[in-house]
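S.K.: Residue numbers (the UniProt record's numbering), protein chains in the order written: chain A, 1 to 522; chain B, 1 to 250.
Simulated from the structure, these hints should not be mistaken for lab results.
Fair warning: there could be bad hints in the mix.
[What the hints assert, rightly or not] In silico DSSO-like cross-links for lysine-lysine, where the CA-CA straight-line distance does not exceed 30 Å: (1) B:K245 / B:K101; (2) A:K115 / A:K133; (3) A:K457 / B:K136; (4) B:K106 / A:K491; (5) B:K245 / A:K350; (6) A:K110 / A:K133; (7) B:K145 / A:K491; (8) B:K166 / A:K498; (9) A:K498 / B:K136; (10) B:K33 / B:K44; (11) A:K115 / A:K130.
Source: prediction; values computed, not measured.
As a plain string of letters, each chain reads:
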Amino acid sequence: MALLDLDPKVVATARELAARAAEPVVSIAKAHTTVAVERATLRLAGITGADSTHRAGDVPWVNRVIDTVREQCGLEHGVVLPAFHALRENNFGTLTELAEATAAGQIQFKIPTGKDLTAARKAATSAVAKGIKTIDRNRAQRDKLIHKLGDPAQRPWIYLIVATGDIDEDVVQAQNAARAGADVIAVIRSTGQSLLDYVPEGATHHGFAGTYATQENFRIMRAALDDVSKEVGRYVRLTNYASGLCMPEIAVLAGLQRLDMMLNDSMYGILFRDINPIRTFVDQRFSRQVHARAGIIINTGEDNYLTTADAVDAAHTVTVSQLLNEHFAHEAGLPDHLLGLGHAFEINPKVPDSFRLELAHALLARELFPDAPLKWMPPTKHMTGDVFNGYLLDGFFNLAGVLTGQSILLVGMMTEAVVTPFLSDRDLALQNVRYVLNAAGSLAEDFRPAPDGLIVKRAHQVLGEAVDLLERIVDDGLLNAIADGTFGLMKRPADQGKGADGVITKAEAYFNPASEMLEAAQ
Amino acid sequence: MTDSKRYVRPYGDTTGDGMIQTSFTLPIPFGPKADGAAQQLANKMGMDPAMVVHSHPIGDDFTFFVVYGSVKHLVDLDEVKVVEREYPLLSPAEVNTTLKKVLRRKLVVVGGCIGTDAHTVGIDAILNIKGFAGEKGLEYYRELKVVNLGAQVSVPELVRRARTEKADAVLISQVVTQRDAHILNTQEMSAAFREAMGDRRPLLVAGGPRFDPLMAGELGVDRVFSRGTTPGEVASYLVHAMQEKKGVAA
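Chain A extracted, bound-state conformation (with noise of 0.2 Å):
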């Protein structure tokens, strides 16, 4: 039930001027591909390993073709094209006996034409499509399993998130964590990982403050959810990350791993890691294209220009980086039931009505977005090191969180700032929310803010400035709002930033049978 009464028409009018900031982004993003993306393409079309012998460490197989391809012919029409056609003529039988050959400096790729460009878009498209069915076949048997296992008796959904930085720890972190309550698992990737190009492989044991997200360690943790879920009676998901320099490779892994949440947020890698905005715009649109083939729920990640920005001064650029968000994820074929929107509760507990203040933003979240998954992220930046305090903080967290009918609730710890939590710190959050939904978890029922209260007023004023800054936004030009610092106050150019060297301009007779074949499922 609608209880901020806000006009329709504003809020047609605040989405209809954020499909009018993305477009020209999303015509850029048709225009061009990136590395990344052809990489994800050969991904799907079967090629797994790493290179253990190069000088820099295990390098992925798909990143010595991919290099080699660029270097001999260019990536303007796709790498498929090259590569298959160099399969055919060498007559490999996969796709890592070709790298290994590439490697080995023995093939020379070139760009078929006549009959063999023909015959190998042919080869291309069913290697693809066996990729693309492993996906298809992933979501199949969750549906399965949900329907066997059941989802969580209530919502929010419990998320938890573990991080030790070696896979078989998180492993028996995870189990627990399900066992105590936890609905959704997320593991938290080693920091620096979304600065590096490439994706690693096998299963990882050394992480700085989390754990590598690799193809091998997205099937262990999978497998150990599986056998979790089936012990408490209900489907554990599992979380990871598509952001950074990797994320249509990340989202591939995913799909193929059966992954259920995947972060992706359409500006993160720009703002806060420094990503050239032009290749995190063309990764992201392919990244969310394979999510919604799998299946996945995004969470986007409009916490984070709270924790930067005042969260009440910057509270509208929430709702901006929302509405963008959903029009980006719409555009790639997410529907709303996989828009894990974000917001968090980060406003300094000093401003007199802090609380009155969450609630407003976060039914405004909740209304402008009836049929999202919206995320809602516990305090971080007023987590000080005085745990008792911030174990109240995270009780009003979860309070506001039931009150405004959130879909997964990240559970706070108490240790924020101070330590990775304890055992005992995660088994005390957990009793925290418990308590919450015993004592309120209905409390939604009996809410009714005064029509012309704080909250209502507040919610309207915080619409009302999202509206004038997309209009902003659409007389400036997205990219340029970027490079102006609109956002988090982080200044980001266009031209400027990690990665911009993988983005190439796709050519007249560009193909990817991937991108072709998730479009064409929209």
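Starting from the known structure of chain A, fit chain B onto it as the hints suggest.
M.R.: Relative to chain A, chain B alone:
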């Protein structure tokens, strides 16, 4: 507060009662034996008497405890060594006027997170105009030119930028501390500046929640700031250090 007191003990509700509270988990199943084990640990930690006021199981194999009790230890304040602030706190206006007088140009600050550390919370709190704890960041100061390089800046890149920007001061932030990454990264950074620029190197300042201000020598930097440092403190320190360098009396 007089500093006549040399020995103190924790204060619960009566002077000298020595009362503290602590909590921990033991890897044993919940039950009377677990409570006894917690009691024993507390006694060995110097809590006597110790009261295990709460315990509950975490899964089948762990038990969590809350313990209150009196410790026998005394704190000898004469043996406590900390870095006392060696410079006066200035307002932004005072910072600007002093710098103008001392340098007759803007003071250039280059900052970033080095190594794989992607946590810009700390450096942003100090540099971004938004600031921290109600104080505006260094970007707000008219007489400071701030270049924020952001996250995961390599040491050679930092040295190069410090050179091209003719930095007076380089601020680095380290949040991630796994396997002492913060210490190793900072030492690598200070060594690189010494090697590249010798005595002409800029002022080196390291900050992060797990740094101890006493570590400046070990890290090879001029000043270390720890948890809770505000932009105003950093700005005031920079002014103080510039005055020292120029030999102007504070």
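S.K.: None of the hints should be skipped; say for each whether it holds.
M.R.: Hints, one by one, checked against the model:
1. B:K245 / B:K101: It holds: about 14 Å lies between the C-alpha atoms, which stays within 30 Å.
2. A:K115 / A:K133: 27 Å, holds
3. A:K457 / B:K136: The given pair, whose Cα atoms are some 29 Å apart, holds under the 30 Å limit.
4. B:K106 / A:K491: The given pair, whose Cα atoms are some 22 Å apart, holds under the 30 Å limit.
5. B:K245 / A:K350: Violated - the C-alpha atoms of K350 of chain A and K245 of chain B are around 40 Å apart, more than 30 Å.
6. A:K110 / A:K133: With Cα atoms ~29 Å apart, K110 of chain A and K133 of chain A stay inside 30 Å; holds.
7. B:K145 / A:K491: Within the cut-off at roughly 16 Å; holds.
8. B:K166 / A:K498: OK: K166 of chain B and K498 of chain A at ~24 Å, within 30 Å.
9. A:K498 / B:K136: 29 Å, holds
10. B:K33 / B:K44: 17 Å, holds
11. A:K115 / A:K130: 23 Å, holds
In this structure, only the earlier hint numbered 5 is contradicted, and the remaining ones agree with it.
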